[in-house]
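Participant: Residue-level listing of the chains:
Protein chains: 2
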Amino acid sequence: MDAIINSVGRKIPEEIDGRKLKPYQGAFSTAPEPWKAPMKAGFIKPGESKILASLEESIKKTGLTDGMTVSFHHHLRNGDGVINMVMDAIAQMGIKNIRIFPTALFPVHEHLIPHIESGVITSIEGSMNGPVGAAATYGILPKCAVLRSHGGRIRAIHSGDVKVDVAFLAASSADPYGNCNGVFGPNFFGPVGLARADAMFGEHVVIVTDNLVEYPCYPISISQKYVDYVVEVPSIGDHAGIVSGTTEVTKDPKQLAMAEQIVKLIEQSGLLKEGMSFQAGAGGVSLASMKVLHDYMREKGIHGNFAIGGTTKYLVDMLRDGTIRVLLTGQSFDLESIESIAKDYGHQEITTDFYANIHNKGCAVNWLDVVILGATEVDVDFNVNVNTHSDGKLLHGIGGHQDTAAGAKLTIIVCPLFRKKIPIVRESVTTVTTPGETVDAIVTNEGIAINPRRQDLVKKLQESDLPIRKIEDLQKQAYEITGGPPELVTTDRIIALIEYRDGSIIDVVRGLKKDS
Amino acid sequence: MDAIINSVGRKIPEEIDGRKLKPYQGAFSTAPEPWKAPMKAGFIKPGESKILASLEESIKKTGLTDGMTVSFHHHLRNGDGVINMVMDAIAQMGIKNIRIFPTALFPVHEHLIPHIESGVITSIEGSMNGPVGAAATYGILPKCAVLRSHGGRIRAIHSGDVKVDVAFLAASSADPYGNCNGVFGPNFFGPVGLARADAMFGEHVVIVTDNLVEYPCYPISISQKYVDYVVEVPSIGDHAGIVSGTTEVTKDPKQLAMAEQIVKLIEQSGLLKEGMSFQAGAGGVSLASMKVLHDYMREKGIHGNFAIGGTTKYLVDMLRDGTIRVLLTGQSFDLESIESIAKDYGHQEITTDFYANIHNKGCAVNWLDVVILGATEVDVDFNVNVNTHSDGKLLHGIGGHQDTAAGAKLTIIVCPLFRKKIPIVRESVTTVTTPGETVDAIVTNEGIAINPRRQDLVKKLQESDLPIRKIEDLQKQAYEITGGPPELVTTDRIIALIEYRDGSIIDVVRGLKKDS
Chain A
1 MDAIINSVGR KIPEEIDGRK LKPYQGAFST APEPWKAPMK AGFIKPGESK
51 ILASLEESIK KTGLTDGMTV SFHHHLRNGD GVINMVMDAI AQMGIKNIRI
101 FPTALFPVHE HLIPHIESGV ITSIEGSMNG PVGAAATYGI LPKCAVLRSH
151 GGRIRAIHSG DVKVDVAFLA ASSADPYGNC NGVFGPNFFG PVGLARADAM
201 FGEHVVIVTD NLVEYPCYPI SISQKYVDYV VEVPSIGDHA GIVSGTTEVT
251 KDPKQLAMAE QIVKLIEQSG LLKEGMSFQA GAGGVSLASM KVLHDYMREK
301 GIHGNFAIGG TTKYLVDMLR DGTIRVLLTG QSFDLESIES IAKDYGHQEI
351 TTDFYANIHN KGCAVNWLDV VILGATEVDV DFNVNVNTHS DGKLLHGIGG
401 HQDTAAGAKL TIIVCPLFRK KIPIVRESVT TVTTPGETVD AIVTNEGIAI
451 NPRRQDLVKK LQESDLPIRK IEDLQKQAYE ITGGPPELVT TDRIIALIEY
501 RDGSIIDVVR GLKKDS
Chain B
1 MDAIINSVGR KIPEEIDGRK LKPYQGAFST APEPWKAPMK AGFIKPGESK
51 ILASLEESIK KTGLTDGMTV SFHHHLRNGD GVINMVMDAI AQMGIKNIRI
101 FPTALFPVHE HLIPHIESGV ITSIEGSMNG PVGAAATYGI LPKCAVLRSH
151 GGRIRAIHSG DVKVDVAFLA ASSADPYGNC NGVFGPNFFG PVGLARADAM
201 FGEHVVIVTD NLVEYPCYPI SISQKYVDYV VEVPSIGDHA GIVSGTTEVT
251 KDPKQLAMAE QIVKLIEQSG LLKEGMSFQA GAGGVSLASM KVLHDYMREK
301 GIHGNFAIGG TTKYLVDMLR DGTIRVLLTG QSFDLESIES IAKDYGHQEI
351 TTDFYANIHN KGCAVNWLDV VILGATEVDV DFNVNVNTHS DGKLLHGIGG
401 HQDTAAGAKL TIIVCPLFRK KIPIVRESVT TVTTPGETVD AIVTNEGIAI
451 NPRRQDLVKK LQESDLPIRK IEDLQKQAYE ITGGPPELVT TDRIIALIEY
501 RDGSIIDVVR GLKKDS
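Top to bottom, those sequences are chains A and B. Last residue of the first sequence: 516 (the numbering used here), numbering continuous. Last residue of the second sequence: 516 (the numbering used here), numbering continuous.
Watch out, some of these pointers could steer you wrong.
Each pair may be met inside one copy or between any two copies, as identical chains are not told apart.
Below, a list of computed lysine-lysine pairs in the DSSO-like style, where the Cα atoms sit at most 30 Å apart [what the hints assert, rightly or not]:
hint : residue 1 : residue 2
1    : K61       : K409
2    : K300      : K420
3    : K61       : K513
4    : K409      : K513
5    : K11       : K96
6    : K163      : K254
7    : K45       : K409
8    : K22       : K45
9    : K513      : K20
Hints in this document: simulated from the structure, not taken from any laboratory.
Work out the full structure, taking the sequences as your base and the hints as a guide.
Facilitator: Here it is in structure tokens:
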């Protein structure tokens with residue numbers, strides 16, 4: 001198979017599973033083709049009902065059959081019950097060879113593995129957090145998986161690269177016409193913005209809810225005008241599963257020190273000022289940096305124009321006391337912050353298209369001053385891996401990582417120098433998720449590296465009291481302490497493509513042998 | 001020219017201005033073709049500005065040239081300054097042969113007549129209220145005009161029937177990326193829902209505002225992701241012009257009596273009950289009926305699920321005291337009701353697509369129990385004219401008339417028996433706007449006629465104390481008092497098509513001689 005070296009030095013095959021691949025050539029090198037996906041017409045007369053008695057009936061009515069693509073959103077995260085339920089029904093009906101197109105899978109979706117083994121699911125395009133990703137690494141899927149960022153996934157739908165045959169979309173409240181939201185009902189889960197494009201462009205759209213309300217549902221996050229059918233089920237899952245340990249602020253003094261350094265870095269870069277904007281991930285240090293930033297802004301009387309979430313109670317606190325004017329929420333990471341959507345003026349639910357699509361007429365990440373992101377690995381070219389661990393296992397999705405890094409004026413990656421005797425700062429990352437050209441600073445527990453591409457920033461920090469170090473020095477220290485990275489023995493088979501947000505391929509993930 | 005008789009008995013030519021016409025065949029006879037209009041990709045990099053210095057610059061940048069289609073919304077109604085301003089700029093730049101595609105024109109747009117005379121504007125597809133409509137009747141436009149309902153216009157965009165080259169959209173608040181709303185700023189005008197499809201499918205989209213705010217504008221009614229350019233102008237018009245005399249409740253005792261009868265009719269039809277829904281026009285009797293209905297519901301403790309506006313302060317009062325749960329606003333007819341959008345929980349801004357598009361997967365009019373609408377004429381087949389006067393002048397648009405009549409369980413038309421010695425209840429309307437098959441009752445000052453197609457309703461009202469009369473009797477009485485309708489002498493030329501909401505042609509309007 002012929003391969004091309006892309007601009008981050010990774011070998012990309014010309015074609016895989018019949019798809020011609022376009023190698024990554026730079027963060028803003030790929031202009032869009034004209035979009036091809038039209039929205040879907042319908043013809044629902046007054047008095048006609050969209051309510052169906054069961055998922056099985058919806059599968060029949062939508063004409064779902066072998067070889068089709070089925071989509072889902074992950075707002076319920078590890079509390080989701082809908083994906084498993086729908087795939088069980090599809091499997092029971094004897095349908096095979098389904099491509100699933102979830103925004104993300106979580107450990108709870110380990111339940112799908114038997115459906116992969118039996119040939120019901122033959123392809124997954126979407127983030128795979130945990131067991132399904134591990135199984136994919138060992139070659140369980142007949143077809144190569146595709147991982148996309150939030151913005152990249154929406155781009156793929158709009159452009160027509162991925163056509164959704166049937167979208168099964170969980171709603172915590174829905175009316176009989178399919179107007180729905182995620183902010184009310186026993187399993188309220190937040191915005192439904194990850195799924196808007198699936199609703200708009202899906203050939204068939206089924207809303208799955210455990211809280212059927214009278215028409216019209218209020219507020220309306222996904223509109224009736226996109227919805228074919230509504231199915232009421234006993235439960236869409238358990239929204240307690242939304243919350244993970246990473247939504248609590250760290251108490252580790254070393255991590256708190258890093259959080260202090262991050263805020264200092266923002267301040268010394270000149271971005272900590274009236275009207276600023278930021279996003280931070282849900283990791284312990286990131287959250288701690290939000291708290292430090294909040295205190296700093298309050299103390300100095302600085303007001304931000306907006307923050308983007310992955311929203312937690314910490315951002316809601318900032319909205320409530322006026323530290324930020326608007327809170328743009330694409331996903332909710334705790335229940336307190338969901339309750340805020342319906343209550344707090346200035347708390348705006350957004351779609352991933354609004355948030356991060358590189359090929360619409362302008363996305364919100366372009367307005368970010370600062371983003372603080374995590375990493376499983378970083379390298380001396382400032383490339384970041386968030387998908388695989390150093391053992392080669394594909395265990396995480398991309399989320400908004402590529403999107404925010406490309407958009408923000410200051411992209412800060414925070415990671416330790418090493419974890420469990422494995423160096424995190426490396427000569428070369430196992431997998432490139434986010435290209436170094438979009439990363440400005442790497443904050444570790446042993447110092448901060450500034451990307452030499454950002455000479456303006458290097459100069460600004462010349463007199464800084466921050467522990468600024470060369471990335472190569474950090475890498476060497478990491479190798480000295482750990483003895484260097486473990487050797488990675490992969491198979492030849494490519495088990496996943498890492499798409500860049502513009503649809504080009506930034507890296508591939510190769511399989512592992514079962515006994516490795 | 002060959003012609004076909006459509007199902008309301010009107011002669012429709014096979015073709016006009018190169019467009020093949022489909023004759024109206026019944027309210028739900030025309031299924032949609034698959035939609036063909038894709039949304040537009042873009043490629044805006046971080047730091048790129050959308051702000052242009054002038055309308056002229058936006059005309060140049062969008063490549064606007066001879067023969068193109070330019071669209072506008074009418075939320076500012078008779079206070080709009082944007083259409084005149086943009087067309088002046090287009091005219092000054094020497095561009096000719098423009099098709100304008102406004103949602104509606106008002107008397108203030110008489111200003112456009114010189115641009116029609118000089119060949120800058122050669123075609124108008126949109127409602128023409130007042131002088132431009134009158135001028136069109138006298139043959140000023142080289143091409144045949146097209147009038148569409150709210151739902152029909154949005155259907156035409158989605159289906160690809162009308163392609164918008166450049167949309168110039170007024171916003172009372174907008175940020176530099178084009179996020180905008182109509183609820184803040186010196187000329188706040190309400191929702192921007194009439195224009196959402198223009199933004200989504202317009203090849204180029206220019207937001208025109210007199211209130212540029214910091215990013216992100218909040219709330220967001222039209223998203224940055226659809227917007228190419230933002231132009232700040234000294235003024236988008238004068239929002240005082242939104243309010244017309246028809247937003248005040250009548251004090252005429254005869255009209256108040258009709259309002260009482262309307263509410264009695266709703267009650268006797270069995271629809272006045274918990275969970276009901278309704279819409280009423282902004283005419284004096286309609287508004288009075290809302291007040292009577294409000295009092296009745298409050299007294300009996302009945303709560304409605306929703307009302308749809310054309311919103312006035314009377315509907316806002318109903319929302320505020322809990323008489324209705326949700327208020328869906330497509331347009332605002334007074335300033336008090338606009339202020340409510342940003343303030344009142346349950347007050348939802350809607351798009352015309354959500355409201356009334358027959359060919360999406362379900363529109364809100366399908367859930368209406370009752371709609372109360374006006375007429376310039378009605379006839380013994382229950383057909384309704386809202387476009388022309390009996391003198392043949394095209395003076396009004398369709399609005400949501402066809403849409404709500406087709407959707408609601410009970411469609412009530414309210415009109416006097418005659419106006420200024422001209423019979424309003426006639427053997428045959430001058431122009432069919434809304435087909436009789438979608439009309440259930442006509443309430444006049446001399447009695448109420450029930451459509452015999454609705455035998456269920458006729459039976460329900462057998463014991464009624466309401467003055468139920470045959471439509472033919474009302475018509476005869478009208479002719480006796482007035483001496484019958486004036487003779488209408490038209491030219492052979494068709495100056496406007498009246499489209500039904502499904503894209504078929506329900507009637508045509510012929511021109512008048514200047515001296516007639």
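Participant: Going through the numbered hints above, which ones does this structure break? Give me the numbers in ascending order.
Facilitator: 2, 3, 4, 5 and 6
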